[in-house]
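Using the sequences and the hints, build the whole thing.
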Amino acid sequence: MLAKKSSGKASSIKSKKKLSARFNPASDQSLLIYFGEKITIQANEQVRKLLHLLEAEPIAGVRNLHPAYCSLLVKFDPLKWRHEKLEKELRKYLVQLDKVRLPEPRHVEIPVCYGGEYGPDLNEVAALHKITPDQVVELHASASYLVYFLGFVPGFAYLGELPSELVTPRLAAPRKKVPAGSVGIAGNQTGVYPFETPGGWRLLGRTPLAMFREDREGLSLLSIGDRVRFVPIPRERFAELSRT
Amino acid sequence: MSTIEVLSPGLLTTVQDLGREGFGSMGVSPSGAADPIALRIGNRLVGNSEGAAGLEMTLLGGAFQFHRPCVGALTGSDFGATLDGETVLAWASFEAKPGQTLRLGPTRSGARCYLCVQGGIVAKQFLGSGSTHLLSGLGGHEGRSLRKGDVLKIGRLPEGEKKETGRKAGSTGTTRHPRKVPVTALKQFAPREVLRVTPGPQSNWFPRAAQKALYESAYLVSEETNRMGLRLEGPNIPGGAHGEMISEGVSLGAIQIAAGGLPIILFVEQQTTGGYAKIANVVAADLSSLGQLRPRDEIRFELVSFATARKLLIEQEKLLACPDLIV
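Chains A and B supply the protein sequences, listed in that same order.
When you number the first sequence by the numbering used here, it's gap-free, plus one each residue, and the end is 244.
When you number the second sequence by the numbering used here, it's gap-free, plus one each residue, and the end is 327.
A hint or two may mislead.
[Said to hold, decoys possible] In the DSBU-like style, the derived pairs of lysine-lysine whose C-alpha atoms are separated by at most 30 Å in a straight line are:
(1) B:Lys148 - B:Lys97
(2) A:Lys177 - B:Lys318
(3) A:Lys80 - B:Lys148
(4) B:Lys124 - A:Lys88
(5) B:Lys187 - B:Lys311
(6) A:Lys177 - A:Lys92
(7) B:Lys97 - B:Lys180
(8) A:Lys130 - A:Lys176
(9) B:Lys153 - B:Lys97
(10) B:Lys212 - B:Lys148
(11) A:Lys80 - A:Lys99
(12) A:Lys176 - B:Lys148
(13) A:Lys92 - A:Lys38
(14) A:Lys80 - B:Lys311
(15) B:Lys318 - A:Lys85
(16) A:Lys92 - A:Lys80
(17) B:Lys148 - A:Lys177
(18) B:Lys153 - B:Lys124
(19) B:Lys318 - B:Lys180
(20) A:Lys88 - A:Lys38
(21) A:Lys85 - A:Lys38
(22) A:Lys92 - B:Lys311
(23) B:Lys153 - A:Lys88
(24) B:Lys318 - A:Lys80
(25) A:Lys85 - B:Lys311
(26) B:Lys97 - B:Lys124
(27) A:Lys85 - A:Lys99
(28) B:Lys153 - B:Lys311
(29) A:Lys38 - A:Lys99
(30) B:Lys180 - B:Lys153
[Unchecked claim] Listed next, the stretches of chain B that the computed footprint assigns to chain A, with coverage defined by at least 3 CB atoms under 8 Å from CB atoms of chain A:
(31) 17–26
(32) 197–208
(33) 252–265
(34) 302–310
These are computed hints drawn from the structure, not numbers from a lab.
All values reported here derive from a predicted model rather than from experimental measurement.
Glycine included, C-beta positions come from ideal geometry on N, C-alpha and C.
Shown next, in the form of structure tokens:
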């Protein structure tokens, strides 16, 4: 159980603190629940547990759930629920969170061809941090990343955290078009663009894998809570994998 | 099976139903009709269930040829429709004979016009909905807007529902007077220029000057407006840049203030999460009005309480459920 992991320091005060959640109406048909105001694995764990519980035991009249780093947006039928009543109902779920066992994380490897046309910002990122492009690749591929949540567009996984040496602000002017499969970094996050969209993340490389496919079970290659590693591949391998 | 052929697609025509709720954790926004009230009424005019798939046309309509007898209805904005040259009234059902062509032109009122057909457009179901999600190329007709030469299948009504319409599907003989929505009822659903909003989750981040700008100024809908969001032009709203906000789930109709200080209203194909502060949120009862806004239209915002927002929606749903809505 997760409580055990932090048993060394877990005082009763700390576990009590874990339960404190802040509710805030987002619209007349949605309610935000915040677990802290900082991006931490612990806060995100609470988000994932609540999501897990609400998916296992759905509340009638709740229409949609949008998890993020340390918050969950709950969209509801406003003819059935008011914010205050729904908050009361959700608090019943919150007291159960400590008992929730999250599924074991899946480990997913994503092949990436770094640099060149696939990673147009690799050299600039290297220059910004006064290291070589090879070192950027090595660092990016060295970490195991947590899928904090999927958002923005279908199948876009927010992965963290980047090795501190790679923390880079996003581009001042976003690109109008980022090709599908592009692997980017922004702040201490990294991610893969599933579709061609506008985007302001700095692009290090590209994966030949489809991140979101209509004909695949589960649709999205990555799910919330997964663990991800990037594996550098040469251009020839990218071409081979693109064909399959 | 009956079909419609797209002779010309218009500016942007997609297959839409009432969208797919429940997949936010995958990053999938609901999509669905931009003016759901128009789609719901259109479907009722032809005897469908409210959520059947129809065609959503944007600013400039297309031309569609019916291959078999078909009962259809146009709702939403007036796109100057004709059937083989004869004027077709909006907000009323019509019967098309095989070979007849429905032609629509540029809009004479708002942004969107809906074509509903008895039996509904047959769309490939993706996550429980036939709605097109343009950005990801999923759902609807091959995940894209319609092109010249596309042939769309029309479904069949279940026997029970046929009777409800008081006519037989595709009957070509003399028929009952077309079903229509009376003008008085229509007025109740007229798109609003003053949009009612409730406070957004970060509304207290914004100084008084920002609230004043939002609630006392007129904003113009920008040309860069689509199903993902409506960009607005007008007085800058200060205070949106409150350090680095942590990305969080965003709701339909959220008014977020981007770095430049101009508002963006998140719409049906919205991103599911975002990192901009939201000062307000359009109420559920006024979301259909957003779907009828054209570039250069002028809008204003009026702050209401959550209780008022709920009352507005309850009243709207009551009107929609009224049996006298369609005569």
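So if I understand the rule, the pair passes when the alpha-carbon distance is 30 Å or less; does Lys153 (chain B) with Lys124 (chain B) pass?
OK: Lys153 (chain B) and Lys124 (chain B) at ~11 Å, within 30 Å.
Sort out whether Lys318 (chain B) lies within 30 Å of Lys177 (chain A), counting only the CA atoms.
44 Å, violated
Given pair status - Lys311 (chain B), Lys80 (chain A), alpha carbons within 30 Å
12 Å, holds
Holds or violated: are the alpha carbons of Lys97 (chain B) and Lys124 (chain B) at most 30 Å from each other?
26 Å, holds
Next pair to validate is Lys38 (chain A) with Lys99 (chain A); report whether the Cα-Cα distance is within 30 Å.
Cα-Cα ~23 Å, so holds.
Can you tell me if the region 17–26 of chain B counts as covered by chain A, using C-beta to C-beta distances under 8 Å and a minimum of three residues?
holds (count 6)
Pair hint Lys92 (chain A) and Lys38 (chain A), alpha-carbon separation not exceeding 30 Å
24 Å, holds
Pair hint outcome, Lys80 (chain A) versus Lys99 (chain A) [Cα-Cα no greater than 30 Å]
29 Å, holds
If you draw a straight line from the CA of Lys187 (chain B) to the CA of Lys311 (chain B), is it 30 Å or shorter?
Roughly 19 Å between the alpha carbons, so the hint for Lys187 (chain B) and Lys311 (chain B) holds.
Check whether the Cα positions of Lys318 (chain B) and Lys80 (chain A) lie no farther apart than 30 Å.
Since the Cα atoms of Lys318 (chain B) and Lys80 (chain A) sit roughly 14 Å apart, the hinted pair holds (cutoff 30 Å).
Restraint status (C-alpha distance of Lys85 (chain A) to Lys38 (chain A) at most 30 Å):
Cα-Cα ~27 Å, so holds.
Can you tell me if the region 197–208 of chain B counts as covered by chain A, using C-beta to C-beta distances under 8 Å and a minimum of three residues?
holds (count 4)
Taken one by one, the earlier hints fail for this structure at numbers 2, 3, 4, 6, 10, 23 and 28, listed in ascending order.
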